[in-house]
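**Q** Dock chain C against the given chain G, drawing on the hints supplied.
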Amino acid sequence: MNELARVESEQHGSLCLVRVYGEIDMSNDREVLTAIEGAVARKTVRLVVDLTHTTYLDSAGLALLLRLAERIQARQQRLSVVVPVDSPVRRAFELTGLPSVIDLESRSEDAMNQTRPGYSNDQV
Amino acid sequence: MKGLRGHPKQMSRSTLLRYTSKIVLVGGAYYVAAILGLRLALIERNVTPLWPPTGIAVVAFIIFGWRVWPGVALAAFAVNMPISTNGLAAAATATGNTLAPIVAALLLVRVGFRKEIDRLQDALAIVFLGALLSMLISASVGAGTLVLSGAIPASKFPAAWAVWWTGDAMGVLVVAPFLLGLFQRPWSGSLRERTEAGVLLLLVATVSVLVMNTDLRLMFLVIPFLGWTAWRFQQRGAAPAALLAAGIASWAAAHGLGPFQQGTLLEKMITLQAFNATVAFSSLFFAALVTERTRAREALERAAAELEDRVGRRTADLSTANARLKHEIAERHDADRKLRQREGQLAEVQQQAQVGNWEWVIPEDRVSWSDEMYRIHGHLPKAFPLTFEKAVEQVEEEDAARIRANVQAALGRGRDHDLPPSEYRIVRADGAERVLLGKARLSVGSDGQPLRMIGTVKDITESKKAEREHRIAETLQRSLLPDRLPEIPGVMLAARYLPATSDIEVGGDWYDVVQLPNGTVGLAIGDVAGHGLRAASTMGQLRMALRAYALEEESPSQVVSRVRHLVRLLVPDIVTMIYLTFDPESGTLRFANAGHPPPLLVGWKGETSYLEGGLGPPLGATTHLGQDIEVAAHVDAGSTLLLFTDGLVERRGTSIRDGLTRLKTLAADRGEDLEALCDHLLGSMVTSQVSDDIALLALRQVPLAAEPLLLRLPAEPHVLAPLRHTVRRWLREIDADPRVADDVLIACGEACANAIQHAYGAKDGLFEVNLVLSDGTVEVTIRDLGSWRPSSGSGRAERRGGLGQRLMRELMDSVDVNSGPGGTVVRMRRSLQVGADRERTRAR
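Those sequence lines, one after another, are chains G and C.
Going by my numbering, the first residue of the first sequence is number 1, and it counts up by one from there.
Going by my numbering, the first residue of the second sequence is number 1001, and it counts up by one from there.
No lab work stands behind these hints, which were simulated from the structure alone.
A portion of the hints provided could be inaccurate.
Some residues of chain G that are not near chain C, with every Cβ distance over 10 Å (derived) [to be verified]:
id, residue
1, Val7
2, Glu10
3, Gln11
4, His12
5, Leu17
6, Pro84
Only some residues are given here: those of chain C computed to face chain G with a beta carbon under 7 Å [as the list claims (entries may be wrong)]:
id, residue
7, Val1514
8, Gln1515
9, Pro1517
10, Pro1717
11, His1718
12, Ala1721
13, Asp1742
14, Ile1746
15, Arg1799
16, Arg1806
17, Glu1810
Fair warning: this is a prediction, and the values are worked out from it, not measured in the lab.
Here a beta-carbon is modelled for each residue, glycine too, at the ideal position from N, C-alpha and C.
The following block holds chain G by itself, in its conformation from the complex (with noise of 0.2 Å):
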């Protein structure tokens, strides 16, 4: 898809994995969120978001997060969402404050090892 974002996912087993490449603002949201959602089985527990592809992401994006996040906890499922320590998105996390109401991981492989619901140890 020649979109400004795309969506990819994995199951495995009780774990989905959504890798989000491209760009997040107002003018894809929407899409994105709904996207993401519907990669999500019934069956998951976790969730993870791997954003180390996405290249922007705006307050639309973390807006989307947050409202995904409400959503996942609603439906008694955890969301972790990965972004890399050097990656633009991450700032924006950082200084919105996001880190306190979503789970933040740097890699997704720490996001999807973890067993239980908690920050992971490489947080800043």
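**A** Only chain C this time, still in chain G's reference frame:
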């Protein structure tokens, strides 16, 4: 004595001498013949059964004329004197003997007697007029004189008269032809003929002598020989033969030989005269008949020959005339054929051009149409005679009324003139509607009375249809070409479309520029083979399909492959095209080419190269479904990319390679202004006529950071991604640190998102983005022209807005928001310094 040569009034001496000698000759001959004749006398001494002098006298009068009568008269007197009783009787007898030959000659000349006796009428004349009739005179005078002079008793008169008459007649019949023969042209017979004639005469003489010296009555044996002679030599032979036979017979009778030994005088006389008459008649008639027959045959032959000659000449004349006639016919035929050919050609030309002509003889209201006129109106040629009303019968009501009004007006003008051309519709009998263009000219008489109108009618249905189709196609094509090119900061775009002028059809060329969601630009150029509505509509379909694929597929080769597939399935035409994506931020170009002329890349220094890679076959040309290949190129700042269709580089008479070379040379002198470059290229490449459509699309990468960045954009979410591309590029060009650039990018994006979300609500509007580098600080100003309204209250927007405000303030060094009735201005500053330096600056 007309008819016989008359007595000359004056005679010369020599003439007199000749006359006298003739008289002496004639008299002498008469006298000698008389003496000889008297030896044959049967009665007394002066009545002989054959009296030759009479023949001599007749011939003398015929030859010399009546004036030699003294010779005859004197000789006759001299002959009769001794045997007459007295001088008076001798004179009377001599008078009778002279008068009879004169009358005979006179009668013969009178009836046109010919001396040759070569006609039956000559034979009849000499027998009946010359001998039997004329000799009545001498016989009557002579016999009467004998009785009156007392030489014989009156009782012997009949016998004496009969002997005299027959003797004189026989003298004429036997002697005259012979003598006449002597006065003719000498005989030109051959030796063999002369011999034959001699033998025949000898035979006649021999046979005559023989039959006269035998007691047997065989006198008739002479006849065949006479006949033979007459047959072979005509009068030339018959006359002497008859003279011989008669002479011998008379001699025999006089001497009482053979057949004449017994019987009375009368019997002998009858026998002799019968024999002599038979001999004379037979030879005369037979010779005359044969001559006549021969002459008739000769005349016939001559006539036949002449006829043949005449027929020949006439035939020659006829054949000459015939040849001339044939030639004339051929010429006429030729002229006829040429005329027909010319007529045929005219008709053909009219048919091809769908032009008919007509004539209206106004006083008689008689209209004549050319064949094509009938065809245009859906009839067979010359189907019916016409009047004006009949001629406009098929014209639609409204148009017919207009034509009638125009014609009425024209007729009233009273002078020769052309009527304005008129376009009108007809409905044929089968319901088909045609559009016609009529032209007419009026001729008037000297008094201004309208005489006739001539004109032409052209069936313009097809051209009207084509014109309409052309308009539709052109409109369609125009509507399918982008009406304006996207504004991409740092990227100049220019396009030209030039429809063919020589062709009324529009072509299937197109170009397109698509702003893709990821901030790159898709450019396409293509050419659908063919012209007209179909090519234009195919082009329209392909353009839409390409747009759809361009949005879905990131890779140009994928896009081209999908269009190729579509063309294979749905489009019957051959299509060439190039699709390329251009990333303004990086200057990266990726493209795939389906049989289209290669793009031309012109570097900022003017160096040129055709991008000939990524080439696959034209769409629709093959069933090849292999993967289209894709190549990449880089467009530096200041470089120009030219995309075009073959109409630009193809010229009749020159190869496309020459065109490409020429374009390369022209494009090297690229100039500052891209629009000017396009005009320059078209102006130079296209000479007088545009034979094919031309599409030209030019793209130039220009440096952004040379001056402040100022963008005016529609307040719509989709502008954000391209905007980020521009801002990123601008920041990179001012050498901002990537981390600073990311911060400015997000802050700018937040401010723009606010402007889009709040400033206009559902309404369309514009907002401005302004980036300025000043003293190591980037100043970003976002200005909208709407009223800053509170958020609509939706949770999502509220949350985003809050996050945005926070981000802007955290990411930038300063943020000022000024809202007024004229709009809202957000002004933000950010130092290019990073890390500790920046913290220090912020602290100040």
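**Q** Indicate, hint by hint, whether the structure satisfies it.
**A** Going through the hints against the structure:
1. Val7: Answer for Val7(G): holds, closest chain C Cβ roughly 14 Å.
2. Glu10: 21 Å, holds
3. Gln11: Nearest chain C Cβ is 25 Å from Gln11(G), so the label holds.
4. His12: 28 Å, holds
5. Leu17: 23 Å, holds
6. Pro84: 13 Å, holds
7. Val1514: 10 Å, violated
8. Gln1515: Because about 12 Å separates Gln1515(C) from the closest Cβ in chain G, which is outside the 7 Å limit, the hint is violated.
9. Pro1517: 5 Å, holds
10. Pro1717: 3 Å, holds
11. His1718: 5 Å, holds
12. Ala1721: This interface hint holds because 5 Å falls under the 7 Å limit.
13. Asp1742: Nearest chain G Cβ about 4 Å off; hint holds.
14. Ile1746: It holds, given that the least Cβ distance between Ile1746(C) and chain G is near 5 Å, below 7 Å.
15. Arg1799: OK, holds: Arg1799(C) within 7 Å of chain G, min 5 Å.
16. Arg1806: Hint holds; Arg1806(C) Cβ to chain G Cβ min 6 Å, cut 7 Å.
17. Glu1810: 4 Å, holds
Of the hints listed earlier, those the structure fails to meet are numbers 7 and 8, in rising order.
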